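From just these sequences and the hints, can you work out the full model?
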Amino acid sequence: MTIFLAALLVLMLLLGMPLFAVILAATMLGFYSTDIDLTVISAELYRIANTPLLVALPLFTLSGYVLSESNTSERLLRLTRALFGWMPYGLAVISLMTCAAFTAFTGASGVTIIALGALLLPVLIKEGYEARFSLGLVTTSGSLGLLLPPSVPLILYGVIVQQINIGERFTLPELFMAGLLPSLLMIVLLTFWALWANRTAKLDKTAFNWPEAFAAIKAIGWELPLPFFIIAGIFGGYLAISEVAAATALYVLIVEVFIYKEIRFNSLTRIISEAMQMLGGILLILGVSMAFTNFLIDAEVPMRLFEWVKGHVDSHISFLLLLNLFLLILGAILDIFSALVIVVPLIVPMAVGYGIHPIHLGIIFLANMQIGYLTPPVGMNLFIASYRFNKSITELYQATLPFMLTLLLAVFIITYVPWLSTWFLAR
Amino acid sequence: MLSKLHRLLLKTETLLLGALLLSLIVIAVAQVLLRNFFGGGLLWAEAYTRISVLWIALIGAMIAARRRNHIAIDALANRLPASWKQPLQRITDGLTGLICLAATWFSLDFVIQEQAYGDKAFAAIPTWLCEAIIPFAFAIIAVRYVIAALLPDQPSP
Amino acid sequence: VTLKIATLSPDGSYWMQKMRAGGDEIEKQTAGRVSLKFYPGGVMGDDATVLRKMRLHQLQGAAVTSGALNGVYPDIQLYNQILLFRNEQEVDYVRQRMDSELMQGIEQHGLVALGFADVGFAYMMSTVPIRTLADMRSQKAWAPDDNKIAVNALQAFGISPIPLPLRDVLMGLQTGMFNVVSGSPVGALALQWHSKIRYVTDLPMLYLFGVLAIDKSAFDEIAAEDQKIVREVMASVIKEIDQRSRQDNQQAIEALKNQGIEFVKPSPESVAELKQTIAATNDAFEKSANLSPEKTAKLHAYLQEIRAQATP
Ligand code: NA
Ligand code: NA
Chain A
57 MTIFLAALLV LMLLLGMPLF AVILAATMLG FYSTDIDLTV ISAELYRIAN
107 TPLLVALPLF TLSGYVLSES NTSERLLRLT RALFGWMPYG LAVISLMTCA
157 AFTAFTGASG VTIIALGALL LPVLIKEGYE ARFSLGLVTT SGSLGLLLPP
207 SVPLILYGVI VQQINIGERF TLPELFMAGL LPSLLMIVLL TFWALWANRT
257 AKLDKTAFNW PEAFAAIKAI GWELPLPFFI IAGIFGGYLA ISEVAAATAL
307 YVLIVEVFIY KEIRFNSLTR IISEAMQMLG GILLILGVSM AFTNFLIDAE
357 VPMRLFEWVK GHVDSHISFL LLLNLFLLIL GAILDIFSAL VIVVPLIVPM
407 AVGYGIHPIH LGIIFLANMQ IGYLTPPVGM NLFIASYRFN KSITELYQAT
457 LPFMLTLLLA VFIITYVPWL STWFLAR
Chain B
138 MLSKLHRLLL KTETLLLGAL LLSLIVIAVA QVLLRNFFGG GLLWAEAYTR
188 ISVLWIALIG AMIAARRRNH IAIDALANRL PASWKQPLQR ITDGLTGLIC
238 LAATWFSLDF VIQEQAYGDK AFAAIPTWLC EAIIPFAFAI IAVRYVIAAL
288 LPDQPSP
Chain C
22 VTLKIATLSP DGSYWMQKMR AGGDEIEKQT AGRVSLKFYP GGVMGDDATV
72 LRKMRLHQLQ GAAVTSGALN GVYPDIQLYN QILLFRNEQE VDYVRQRMDS
122 ELMQGIEQHG LVALGFADVG FAYMMSTVPI RTLADMRSQK AWAPDDNKIA
172 VNALQAFGIS PIPLPLRDVL MGLQTGMFNV VSGSPVGALA LQWHSKIRYV
222 TDLPMLYLFG VLAIDKSAFD EIAAEDQKIV REVMASVIKE IDQRSRQDNQ
272 QAIEALKNQG IEFVKPSPES VAELKQTIAA TNDAFEKSAN LSPEKTAKLH
322 AYLQEIRAQA TP
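Chains as they are written, first to last, in our numbering: chain A, 57 to 483; chain B, 138 to 294; chain C, 22 to 333.
It is worth saying that the hints were derived from the structure and are not from the lab.
Since we're looking at a predicted model, the values are computed, not measured.
Please note that a few of the clues may not be correct.
Here are some, though not all, of the chain A residues that point toward chain C, as calculated from beta-carbon distances under 10 Å [what the hints assert, rightly or not]:
1. 92
2. 100
3. 102
4. 349
5. 354
6. 356
Here a beta-carbon is modelled for each residue, glycine too, at the ideal position from N, C-alpha and C.
And the structure:
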């Protein structure tokens, strides 16, 4: 009976039943079959209210939505072109860097492609970059800032590991610090690819122009301090992360509503509602997954799973190889948030058992998931770019393939060189 | 008349969400200012902000259920013949509604037990009141999905 | 009968090693009729969540700090008063005479306490030397935001309490958000406070202990002779943990001293002044926290007894 119901749930999942409902039903089934009162599920959901780190999440999500609804992306592009447009291959590098920054701020929810990619694509083509390369670049860049602060998936990883409380403890600033070099590595490798792919192209250059540079800085003057404020706030240690998030949200609201006046007061309720629908969707899945994880822990499943894997995988290296393979497949079929909440509780104890630091694991996990944005069947960047640029998924897939392979190389380096993500930890 | 009342309810839901989110910003910023300029702080603020995240999330999830905007894996569903789509949608919506109905039931039981225990979340606010949003949100989500399953062509509440 | 027991203590710690050994011993002595299953490292949630899950019958037991149980049994806070004990001898004297009474009390409230385990004294730790009440005034101190006892005490001493969750305390010290924190020596080392503080006021401020509690209804399902085995085995396990904790704190104090942290001792006059200042707060606490007047009186009588013996 239980097996039949579980199979039915999997079928329903594939047929489009909301993920939270599937996990909730699976948890109910699990607790019911082990004779535990279902009210425990509600107690687990209430743990959302017991998790200080989560406070930053709605606040950063709101800031991201407000920024993406205003013309920040245009100002950002204008600034970087004015400052770096004179460099050879400057525009390709600019695209990678601005997209990374914008993605970090807007929570990797796909808005980068809509907001920035749509601006960048015609400019890239006009300056002489090949059309397919340009399409691949903007589609790939939509998830490039995933490992940079204050990325929402990174915070979520911290929250989940904190909940299961296993392995060496770490702080969120440490997790953010861990993402810096790997992000840089990805940008550098993608830059090399950009140079190679366009070695024969004739590119226009924008000459450096002081008045335009000043005008561009002036135009973005109110938003320019934000990254510095967030970095200083998080790493300077003067404020708790939730306080950095609150101050950022307040500042962004004031700047976009009262100074740039690009967000009308009336549309604010719509933006808040949209942002919090996304957040609510994610946190509801997080809540029910915590309940499901609790069922697994109660039944001692992670422990047994670990014993089983330990019996079959003997070395650290082969575990990592298997992990990468598993995560790539996972990234192909699940979106990042679902993958995080469902799989992290299972693999963290295992990885810790193989001597992998939870910070390193988080970076490995998210770097793999970043590739997942580009792999069918569930590749969010492909969907969004297809919708926004009116191209077929196949066409996009071909355009992004070399970028994906470059990122794959980055992921392997990140996986097997833990130093990149843990260099700052005291040994 | 009924639709007017209904619109009022929808508006209240959205406004409550906005108010909670703004209060979260204001209280967190006030806490920073109080600490740095007045040497002290609101003792209940930390608990308040944590609990309001739960409320914001669940109200957000309620609103997402209006148009059934919850994250789902639709890779397979998108490949099926178009004529299958609507009946399948009604089945998954209906099941989602039933699951949420069950969740409403045991969450209510949970809140009632917690009320009998009677401890405080912060200041004079009892814990059960903070937890009450859980059955409430499940009830609303259940209603929205059940209506969508029964009346697929209606704009769902 | 399987008892599922959760604790915040990490797997592999001395606590958990001993508890697991105790579990094995019980299983052996009862020929498998009673088995203990442990969920260490906080996998079941924080103290409040764990107690909630005991009420919902997912868990049958938990090792929690005594403060977490004040909602179940107010008298459990009897020992948790500021500047109540002067030293470990006083703690031992009182606990030998009153622990069993508290255990019986909590059992009437639906929890079987298998033992109380010492966590140690909380000391004031700071970046400036604090010897007197005057030294305390106008300092900024961290206050755990869910701890009424600490907040009231700080206010009575004229210190501004700055509420912050435990995980942010190190950050608060680093940035000068506050310059006074309180905790046990073991805790200070574990949370890395020692890298920021320079002085420890050598005066036990507050006594902390943990409780291993089992849900009474689950415990009653065990046959009487097996109950006896469970009680005896776990009592001796906790006794070992209790003694080890004292050694650990001694070692932690040495480690703090080796880090160059100075232990400053308040003069008897300033201790008296501090006690006087806190007396009203403690009285108010005894009332507002619903402590039984009879037990409170007993506690103070025992303290007088041992102090009379100590000063012949
Ligand atoms: Na935009
Ligand atoms: Na994918």
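Right, here's what the structure says about each hint:
no., hint, in the structure
1, 92, "holds, 5 Å"
2, 100, "holds, 8 Å"
3, 102, "holds, 8 Å"
4, 349, "holds, 9 Å"
5, 354, "holds, 7 Å"
6, 356, "holds, 8 Å"
In this structure, none of the earlier numbered hints is contradicted; all agree with it.
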